[in-house]
Structures are given as structure tokens and as C-alpha cells.
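Q: Taken in order, these protein sequences are the chains called S and B.
If you use this note's numbering, the first sequence corresponds to residues 1 to 281, in order.
If you use this note's numbering, the second sequence corresponds to residues 1 to 249, in order.
Just so you know, these hints were derived from the structure itself, not from any lab.
Some hints here could point you the wrong way.
Label pairs and their in silico Cβ distance ranges [to be verified]:
hint, chain 1, residue 1, chain 2, residue 2, range
1, S, 252, B, 161, 36 to 42 Å
2, S, 265, B, 106, 47 to 53 Å
3, B, 127, S, 265, 15 to 21 Å
Built from N, CA and C at the ideal position, the CB exists for glycine as well.
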Amino acid sequence: MFEPWADPTMRRALAEVVLLGLAGGALGCWIVFYGLSYSAESLAHSLFPGLVVAALVGVPLLLGGAVGIVVAAVAVAAAARAPELGRDTSVAVVVTTLFGLGVVLALSPQSPPGVQGLLFGDILGVSDTDLVLAAVLVLVVLAGLRALHGQLLVVGFDRASARAFGGRPAFVDTALLVLIAIAILVSVQALGNLLVVAVLVAPAATARLLARRVVPMMAVACAVAIVAGVAGLYLSYYASTAAGASIAGIMVVLFLVALAATQLRSRRRPPSPAAPPRAVR
Amino acid sequence: MSGDPVVQVTHLAAGYGGPPVLVDVTFAAQPGERVAVLGPNGGGKSTLFRVLLGELPAAGGTVDVRGRRGTVPQTERSRLDFPVSALDVALMGTLSRLPWWKRPGREEHRAARDALAVVGLADLAGASFGELSGGQRQRVLVARALVQEADVLLLDEPFSGVDEPTARQLEALFDRLAAGGRTLLMATHDLEQARAWDRVLCLNRRQIAFGAPRDVLTRDALEATYGGAVVTLPERGEEAVLPAHHHEH
């Protein structure tokens, strides 16, 4: 039971999944409410060439990723100016281009070994610096979400009339995207470019099924992310599976279990005639 | 009615950059008055409300609104899948008076509960907004505007999609609010509802008429407002508007 934690590598990995679970679970709820899952995934993939170049050149990955995100944002803004392309299409074009570029760089025979690890992450290679960064991330994300809570609620509830209530949709959207970008930047090294979105979306999607209010849902999402993180580390320790993929896989399993449970519950308990009618329009 | 009007609009023109979509609007509303704003889709009701709320600048003329404004948007605009309670929604009315980083405290919670009590939903404060009936949701949105301590309430189609008993409940609520000195402006398609209010403002890209329903709701004014889709109901001798193709703008 406690055997895996005798190893300092595993202990650091444990601390990392707990920290990233807190940030990802809480932030993920707003990603789900605001329909930003695709944007989050796009951000994660499009910063990939930045990471690869940083690894090849030997500068900190965080720096490479940050530059990658800025380049991607500029490219998306430029592509979106083409009137024939919708926003959706321009994002897809930019993201696949950048991600493809990153893969070409990462998988070329000249690349040093280990660069491929950027795709899948290396949670067992977490350093003390990474842990400090992750702790700072948690503070930034939780403080940001707490400060923005009222704004996020009023804009998410009814964007069209939010301004009449002091809501600022453009500010809220930007602030949320910045928090997402920071979260991706910090977690991408541990979880990998392909799987980082899992911790931002899957626990929140699971919590959406289980909780009926915003703050409890954020708590459930954090719990789901942490449970999946710890379970994934166990699985990878005993079954020698890749840690990041194990964590993502368990998150999906938890989601499916929650989905099946809610389906079963609603089938077993037909809506009573006394209950208020569900939304008509 | 005498005294200082709460809302005074003179020769207002408004638009969205291009040519104005609404011109020559002149009317006033006193405290406690209920004004129905009647007109077809695209007739300028929403544009007028946006100007009154201060979201859209007037392209011409003057707009003078004294006192705080509150808005009651159409319930269909709000997200029903959003996991918030009636109390959470009412609390959104406190956002504009708090600094942006501050969460609502005890005083704000009390104001929200009081407002829910005024609209008769004290018992349902903890219920999910999305699971309430259409009329209850409308009342929650009214409560949110009351939390804003609004002197002028702008109601956007409050009777759309609610059944007859609910409409009567809402009507009684609006009467109480007006009796308490609040000024109510209601955008509506519903001629019957407009007939029951103190003043009617007919808009079709310009002001067609403004005044007491008895004087304003003539066949000529209605034809100018609705472009000819007016019939006289034989059994009641009253005008009615044929339902137009429903289209969103």
C-alpha cells in the first residue's frame, strides 16, 4: 500500500498530481461551463513546437512553451482575419500546423532522446523546481477564480445581459484564457502535450454529473482529479504503465462510472408528477 | 400625473453605427407608472432598452434616467443548465455594487433573500434555477433587478412563454412594484397586456404613438406599428395583431 511512496521520485510525483489536480479540477469547471474545452486543447497542442525548440536549444521548457502560446495566439488571430474561414476552422488550421511542426522536430533522427517525452510527459521526472512552480500555479489559479467568481457567474449565466449587472464578458473571457494558458504551461511537462487537457476537462465533466452547485462541483472535480492522479501512479507503479496515460485513463473510467450511475439513477426514479417541470424552452 | 419624470426621452435616435434603427422617440415616465412598449420584432424595443440601460449611446436627442436602472431580460436567454440556485441568481444583482474581487457577504445575502420574498419565492431560494417553472424563473430575474435597488425596471417580454395563471401572478407583482413607486417599462408583443398598463409607447423604427392606452391603441396606430397585420375581433370589438412569422433579430 505505502510501498510506492518510499521512493522520493514517486513522492514528488504524488505531490505534483495533487497540486495539478487542485488547479485543473477547479479551473476545469469553468472550462466546461464556458465551452472552452476545444480552446484549451488547441492551446496545449499549439505550444508544442515551442517546447520542442526549447528542449533542443536548451532553454527552460516554460519559456519555450510561453513563446509557443504567444505565437499560436498571434497565428490564430491572423488566420481568423481571413473572411472565408470561420474561427473554428482557423484555429484548427493553426493548431494542426504548429503541432505537426513540433512532431516533425521532435521525431527527427537528429533530436536528442527524451524530446519525445514532451508528448506524453514525465511525471516521474518532476523536480523540486517543478513542484514549487506547481504550488505557485495552484495559488494563482485558486486566487484568480475566487476573485473572478462573481464575474464568471454573471457572464456564464446570461452573457447578453451581463453588462447590466456589472459583468464584463471580454475581461472574463481574457482572464479565463490567461489562467488556462498558465495552467497548461505548468502542467504540460508533467502530463505531456497530448494528455494535459485530460486533467482540465475530465474531472470537471465528471463533477458536472455529480454536483448541483458551482462551488461543490469545483470541490468534486478537484477530488476526482486527485483520486485519479494517485490511482494512476499506483497503476503505473505496479503494472509498469506510462504514468501520464494511466492517470488520464483512470479519469475517463471515473467519468464513465459517474455517467452510468446518473443514467441508472434517473431510470430507476421516473420524474414524479409533483416535481416542477423541466425547462420547457 | 405631475412631478418630475424618472425617465425623460426627447427626439432620441439610436443605431449600431450605420443609419439609425430607431428615430424620433419622445416620451416621459413618472414614478410608479407602468409603460408598455409595443412593437414588432426589429421595431426598436430592444434598442430603446439598451439606450435606457446605458449600453448603447444615443445617436441623437437626449435621454435622462433618474435613479437606478434594473433589467429583467428574457428568461430564455439565461443558461438553464448552469448549476445555480434562485438565491445565487438574485445575488448576481449585488455584483455591480461590490468591488470586483469581493464576494457577497451577509448584507448582500439578506438583500437577495428579501427580494426573493418580495416576488413570493422565499421558499424556493435554494432551488435550482433551471428546474423552476417559466413564471418562477421570471420572478427570480425580477428579484435580481430588485437587489440592484432599481427605481426603473426594464422588463423584456416578461409574459412570453408563461401560462395564464402565471401571467396573472406576474401582473399582480408588477402592480405591487409600481404601487411602491417603481417605474416599469415593458417590451411586449401582447396588445391585451399593453391595454392594462398606464401608458403605451408604440414603436416601429420610429415612434408611432405615446399616451394612455385608450387614446393610443387605435386601429390606425396599430396598423402603423404592425404594418397592416391588424384585425378586429368581432366578438369583442377590439383590435388584435395577427401573429407575425417569428424571427430572431
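Q: With reference to the structure, classify each hint as holding or not holding.
A: Consistency of the hints with the structure:
1. The given range of 36 to 42 Å is respected by residue 252 (chain S) and residue 161 (chain B), whose C-beta atoms sit roughly 39 Å from each other.
2. The supplied range of 47 to 53 Å is broken by residue 265 (chain S) and residue 106 (chain B), whose beta-carbon atoms lie about 36 Å from each other.
3. Look at residue 127 (chain B) against residue 265 (chain S): about 19 Å separates their beta carbons, and that is inside 15 to 21 Å.
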